[in-house]
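Protein chains: 4
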Amino acid sequence: MYFASDNAGPAHPAVLEALGRANEGYVSGYGADPLTAQVVETIRQVFEAPDAAVYLVGTGTAANALALSVLGQPWQTVFCAEAAHVDEDECGAPEFFTGGAKLTLVDAPRGKIRSEALAAALEKAGKRGVHGVQPGPLTLTQATESGTVYTLAELAELTAMARARGLPVHLDGARFANALEHLGCTPAEMTWKAGIHAVSFGGTKNGLLGVEAVIFFDPAHAWEFELRRKRGAHLFSKHRYLAAQMQAYLEDDLWRDLARRANASARDLADRLHQVPGVEICFPVQTNTVFARWPRAWHRHLLNAGAHYYLWDGTLDGGPEDAPLMARLVCDWSLPPEAVATFVSQFPA
Amino acid sequence: MYFASDNAGPAHPAVLEALGRANEGYVSGYGADPLTAQVVETIRQVFEAPDAAVYLVGTGTAANALALSVLGQPWQTVFCAEAAHVDEDECGAPEFFTGGAKLTLVDAPRGKIRSEALAAALEKAGKRGVHGVQPGPLTLTQATESGTVYTLAELAELTAMARARGLPVHLDGARFANALEHLGCTPAEMTWKAGIHAVSFGGTKNGLLGVEAVIFFDPAHAWEFELRRKRGAHLFSKHRYLAAQMQAYLEDDLWRDLARRANASARDLADRLHQVPGVEICFPVQTNTVFARWPRAWHRHLLNAGAHYYLWDGTLDGGPEDAPLMARLVCDWSLPPEAVATFVSQFPA
Amino acid sequence: MYFASDNAGPAHPAVLEALGRANEGYVSGYGADPLTAQVVETIRQVFEAPDAAVYLVGTGTAANALALSVLGQPWQTVFCAEAAHVDEDECGAPEFFTGGAKLTLVDAPRGKIRSEALAAALEKAGKRGVHGVQPGPLTLTQATESGTVYTLAELAELTAMARARGLPVHLDGARFANALEHLGCTPAEMTWKAGIHAVSFGGTKNGLLGVEAVIFFDPAHAWEFELRRKRGAHLFSKHRYLAAQMQAYLEDDLWRDLARRANASARDLADRLHQVPGVEICFPVQTNTVFARWPRAWHRHLLNAGAHYYLWDGTLDGGPEDAPLMARLVCDWSLPPEAVATFVSQFPA
Amino acid sequence: MYFASDNAGPAHPAVLEALGRANEGYVSGYGADPLTAQVVETIRQVFEAPDAAVYLVGTGTAANALALSVLGQPWQTVFCAEAAHVDEDECGAPEFFTGGAKLTLVDAPRGKIRSEALAAALEKAGKRGVHGVQPGPLTLTQATESGTVYTLAELAELTAMARARGLPVHLDGARFANALEHLGCTPAEMTWKAGIHAVSFGGTKNGLLGVEAVIFFDPAHAWEFELRRKRGAHLFSKHRYLAAQMQAYLEDDLWRDLARRANASARDLADRLHQVPGVEICFPVQTNTVFARWPRAWHRHLLNAGAHYYLWDGTLDGGPEDAPLMARLVCDWSLPPEAVATFVSQFPA
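Residue numbers (my numbering), protein chains in the order written: chain A, 232 to 580; chain B, 232 to 580; chain C, 232 to 580; chain D, 232 to 580.
I should point out that these hints are in silico values taken from the structure, not numbers from a laboratory.
Here the structure is a predicted model, which means the values were calculated and not measured.
Do not rely on the hints blindly, as some may be mistaken.
Where chains are identical, the list cannot tell them apart; a pair therefore holds if satisfied intra-copy or between any two copies.
Claimed, not checked - Derived lysine to aspartate or glutamate pairs resembling EDC-like cross-links, with alpha carbons at most 20 Å apart:
(1) K355 to D544
(2) K355 to E313
(3) K424 to E385
(4) K424 to D449
(5) K424 to D282
(6) K358 to E455
(7) K355 to E388
(8) K358 to E457
The task is simple: from the sequences and hints, build the whole structure.
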C-alpha cells in the first residue's frame, strides 16, 4: 500500500544486472567509455534524432536546471506551469544554474498550461524593455504534476507560441514514459515533431536507481552543456554505471513496459476508488498518479492502517473529520497487483 | 596495464551486492530511509564524531564545491595548493557554488602546501580592506595530487594558521583512505583532531560506483548544506542506493583493505621502476600514485604496447625522443598483482 | 506638461550648489571623507537611529538589490507586492545580487499588499521542506507603485507577520519623502518603529542627481554590506559628490519641502481631473502620482498636444477610440504651478 | 602635498558647469536624452568608430566587470596582469558579474604582461578539456598599475596572441588619457587598431565626478550589455548628469589637457626626486604616477609633515628606520605646480 512516490520503490532487476555486467575491467572515465557511446546512440535511435546531443545526469533536477541554463539567459524569465516541479520542488535550482533567471508561473488547471494564459504571459514579458527581464524558455511537464498528459495538438500549440517569439522549449519528462504510453505515440512525435528543443528524459521514477538523460535536438549547445554539467559537479567519473542503467532501461522496451504497468495500476486504482461512495476522483487519470478526495476521518483510518500517500491540500489535524482532503496516490512499476485492491478494501465506506 | 586513473576500474563486488540487498521494497526518498540513517551513524562512529552532520553526494566535485560554499562567502578567497583538483579539475565548480569566490593558489611542491607560502598568502589576503576579497577557507588535499601525504604535524601546523585567523579548513579526501593507510592513524586524528572542520570523504576512487560523503564536525551549518545540496541538484531521490554503497564500503574495513591493496601496488610499481636504469621516481610514493620520468621513446613504446597512463608534462609528439617525460601511474584497488610486473617488463631498457 | 516620471525633471539648485562647495581640495576616496561622515550622522539623526549603518549608492535598484542580498539568502524567496519595482523594473537585479533568490508576488490591490494574501504566501512558503525555497525577506514599497501609502498600522501589521516568522523587512523608499508627507509622521515612525529592518531611502526622484541611502537599523551586517557594495561596483571613489547631494537634501528640510510640492501638484491635478466629465481617478491620490482613465481618443489628442505621460494598461493603437485607458501622471518637485492647469485645459471634453 | 590618489582631487570646474547647464527642463530618463545621444556620437568620433556601442556607468569597477561579463563566460578564465585592478581592487566584481569566472594572473613586471608569460598561460589554459575552465578574455591595463604604458607594438603583440585563439581583448583604461598622452597616438591606434575589442574609458581619475564609458567596437553585444548594466543596477535614471560630465570632458580636448598636466607633474616630481641622494625611482615614469623608494625614517618625517601618499611594500612600523620602502605618488590634474617642489624640499636628505 505504498503510494507515496514513484521514487520509493525498487529499481528493476534488469537494471541491477546491467550494473553487474558493466562492472568488468577498465574503461575511461567521464563518459569516454563504450557503454556511454552505445546509450547515446540508442537514445538517438529511440528519438529518431541522429544528430541529437545526449547527456546523462544523476537527478531530474540536474537535468532540468542544466537544460534551462543552456536554453536561457540570466536576464530572462522561464515560463512554467503553476505548481511545476522546477518552481516548487527544486529549491531554486533553475535560478541557481541559470545565474538568477526568473520563473513566470502560468495558470495551469489540472497541471496543463492554458494557451490563453501563456499568450498573456508572453505578451506581458516583453513590455518593459531593458527594465524588465526578457522572455526566455518555455518549459512544459509531460506527464504533468497532476498526472495529466498534453495531447500532441496541445503541445504543438504551446510550442508554436514560444517559437513564434524565438523562444526555445524544454520538456520536463520525469514521467516521459508514462505520458508516452498514454498517448501511444512515438518519442519523436511527443518531442521534436511537436516543437520541443530539449528534453529531460526521466528514468529514475520508472525503474532506475538514478539516471536521467538530457537531449538537445540541435547539438549547437553541446559543448556549453558539457562545461555546465562539469561545473555543476554533475559529470560522473565512473560514467559507465549511469550508461548501463539507461541502456538496460531502453532495451527490449523495458521502459515502456514499466510505464504501462504503472499506468495500469493507477487506472485500476481509479476505477476501484470510483466505486467507493464518498470518493471523488479529482483529475483525469492518464498516467500513474491518482488525485482523489475523501473525508479526513477516512484518511486517518487508512494511514493508520499502513497506507502511504501524501495529503495534497491539508493535514490530518487541520480541521473537521468529515471535511474532504485530496490525496495524491502514485503507482510505481513495482506495485504488486493486489496492493490496489487491498488498499481500496480498507476504506471505511 | 591500466594506470590511467583510479576511476577506471570496477566497483568492488561487495558494493554491488549491497545495492542488490538495498533493492527491496519501499522506502522514503531523499535520505529519509533506514539505510541512510545507518550510514550516517556509521560514519560518525568511524570518525569518533557523534554530532557530525553527514551527507552523501554523487561526485567528488560536488562534495568539495558544496562544502566550500558552506564554509566560505562569495567575497572571499579559498586558499588551495597549486594544482589542486578544486582549481584545475572542477571547471570552476567552487566558483559556481560559492557565488564567485576566488581561489588563491599557494605554492605546494610535491602537492603539499608550504607553510611559509600559506603564511604569505594569508598575510597578503587581508591587506586591501574593502577593495580586496577577504580571506576565506583553507582547503587541503589528503592524499595530494602528487600522491604524497601530509603528516599529522604538517596538517596541524597549516590548520592552526588558518584557525588563528578565524578561517575554516576543508579537507579534500578523494583519496582519504589511501592517505590514512599511509599514516596508520585514525580518521579522527587525520581530521578534526588535526584542526579540520569539514571533509570530502571519498569513496568513488576506492571501489564505489559513485558516492562521496561530506562531513561537518560542527553541525551548525547542516540545514544550509541540505538546502545548497538540493539547490545544486545533488539530493538523490532514491537515496538508499548511495547509502548502500557507502555502508558496504565501511563495513568490515573494506575501504581500508582496498586502499591498502592500491597503495601496495603502487609501492611495488615504484620499487620495480626504481630498478630500471633511466627511470626516475619523481615524488615520494606514499599512496596509490607513482610519478616517474623516462625518455619519450619509451613512452611511445609502452603506450603502443597497450599500457594506459597519462603523460603529465608533455606530449608524445612534443620534442626529441630521448627527452624525459613524466608519467602519472595510478593503481586502483582492483589492479591484478601481475599487472605491475608485466608493465615494467615491457620497458625497452 | 511633463508627467512621465519624477526622474525627468532637474535636480534642485541647492544640490548643485552643494556639489560646487564640495569640489574643493583633496579628500580621501571611497567614503572616508568628512562630508560622508557628516551625512551618515545626519541620517542617523533624521531617523533617530544613532547606531544605524548608513550607506550611499547611485541608483534605487542598487539600494534595493544590495539591501535584499544582505537580508536574504540565495535559497529563499523575497515577498513583494505584485507590480513591485523589484519585480518588474529592475531586470532581475534582486535575483542577481542575492545569488538567485526567488520573488514571491503577493496580491496588492492599489499597490498595497493585502495582509491575508501575505499570510497565505508565508504559510505556503515553508511547506515543502528542503525541496522548496525558504521564506525570506519581506519588502514593502512606500509610497507604492500606485501612489498610495500604507498607514502606520498597516505597516505594523505586515511587518509583524514577517517578524513572527523571523523574517526581516525591507522598505523600498524610492518615494519615501512623498509618503512621509502624506502620513505626517516621523521617519522613525514610518520605519523602525513600524517594524522595518532596512530602508532604501530615495533621493533621486525628489531632487537629487542620483543618490539613494541604504539604512540598516541593526548594524550587524554593515561589513557584509560594504563588501557587497564594492563587489557590486557601487562604491564610488569620489564619494564626496554623493554625500554632498544627500546632505543638501536633508538640510533645512529641503527633502520634505520638495515632496510637499510634488504631492500638492498631484493633488491639484487630481482635483482638476475630477472636474472633467469622462475622467475617472483610479486610485486614492496620496503622493505625487495620479492614475486616471479616459478615452483613447483624448489620450491621442493630449499626447499630440505635447503632454508627456505613460499609458499604463494599453496603447494608442490597441483598440477603439472611445475605450478608456489608464494614464500614470507623475508630478515632480519642479513642476511649474501652471502646468497642471494648462494640461487639464487641453482636455477635449 | 596630496599624492595619495587621483580620486582625491576635485572635478574640473568645466565639468560642474556642464552639470549646471544640463540641469534644465525635462528629458527622458535612462539614457534616452539628447545629451546622451550627443556624447555617444562624440565618443564614436574620438575613437573613429562610427558603429561602436557606447555606454556610461558610474565607476571603473562597473565598467570593467560589466565589459568582462559580456566578453566572457562563467566557465572561462580571464587573463590579467598580476596586481591588476580587476584582481586586487574590485573585491571580486569580475567574478560576481561574470557568474564565477576565474582570473588567471600573468607575470607582469612593472605592470606590463610579459608576452612569454601570456603565451604560457594561454597554452596551459586549454589543456584539461572539460575538466578545466576554458580560456576567456584577455584584459590589459593602459596605463598600468605601475604607471607604465604598453607601446602600440606591445599591445599589438599581446592582442594578437589572444585573437589567434579566438579570445576577445578588453582594455582597462582607468588612466586611458594619461597613457595616450605618453604615446602621443590616437585613441583608435591605442585600441581597435591595436586589436582591442572593448574599452573601459576612464574619466573619474582625470577630472570628472564619477563617469566611465564602456566602448564595444563591435556592437553585436550591445543589447546584452544594456540588460547586464540594468540588472547590475548601473543604469542611472537621470542619465543626463553622466552624459554632461563626459561631454564636457571630451570637448576642446579637456581630457587630454588634464592628463598632460598630471603627467607633467609626475615628470617634474620624478626629476626632482632623482636629484635627492638616497631616493630611487623604481619604474619608468610615463604617466601620472611615480613609484620611488627611500628610507623608512624619511617617510615618517614626510608623512608627519603633512604629505599624503601610500607606502606600497611595507608599513611605518614594520622594520628598521633605514630600510628603504616604496612609495606610490600619484599626481592628479589639479595638483598645484608648487606642490611638487614643496614636497621634495621637505626631504631630510
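Checked hints:
Proximity of K355 to D544 under the C-alpha cut-off of 20 Å is restricted to the inter-copy arrangement: shortest distance 11 Å between copies versus 30 Å within a copy. Proximity of K355 and E313 under a CA criterion of 20 Å is satisfied in both settings, with 17 Å inside one chain copy and 13 Å between copies. In this assembly of identical chains, K424 and E385 lie within 20 Å of each other by CA distance solely inside one copy; the values are 13 Å within and 53 Å between copies. For the homomeric pair K424 and D449, the shortest alpha-carbon distance inside one copy (13 Å) is at most 20 Å, but the shortest distance between copies (37 Å) is not.
In this homomeric assembly, K424 and D282 come within 20 Å of each other (Cα to Cα) only inside a single copy, at 15 Å, whereas the closest approach across copies is 41 Å. When the C-alpha separation of K358 and E455 is checked against a cutoff of 20 Å, the pair qualifies only between copies, where the shortest distance is 17 Å, while the shortest distance within a copy is 30 Å. For the homomeric pair K355 and E388, the shortest alpha-carbon distance inside one copy (19 Å) is at most 20 Å, but the shortest distance between copies (32 Å) is not. In this assembly of identical chains, K358 and E457 lie within 20 Å of each other by CA distance solely across copies; the values are 16 Å between and 34 Å within a copy.
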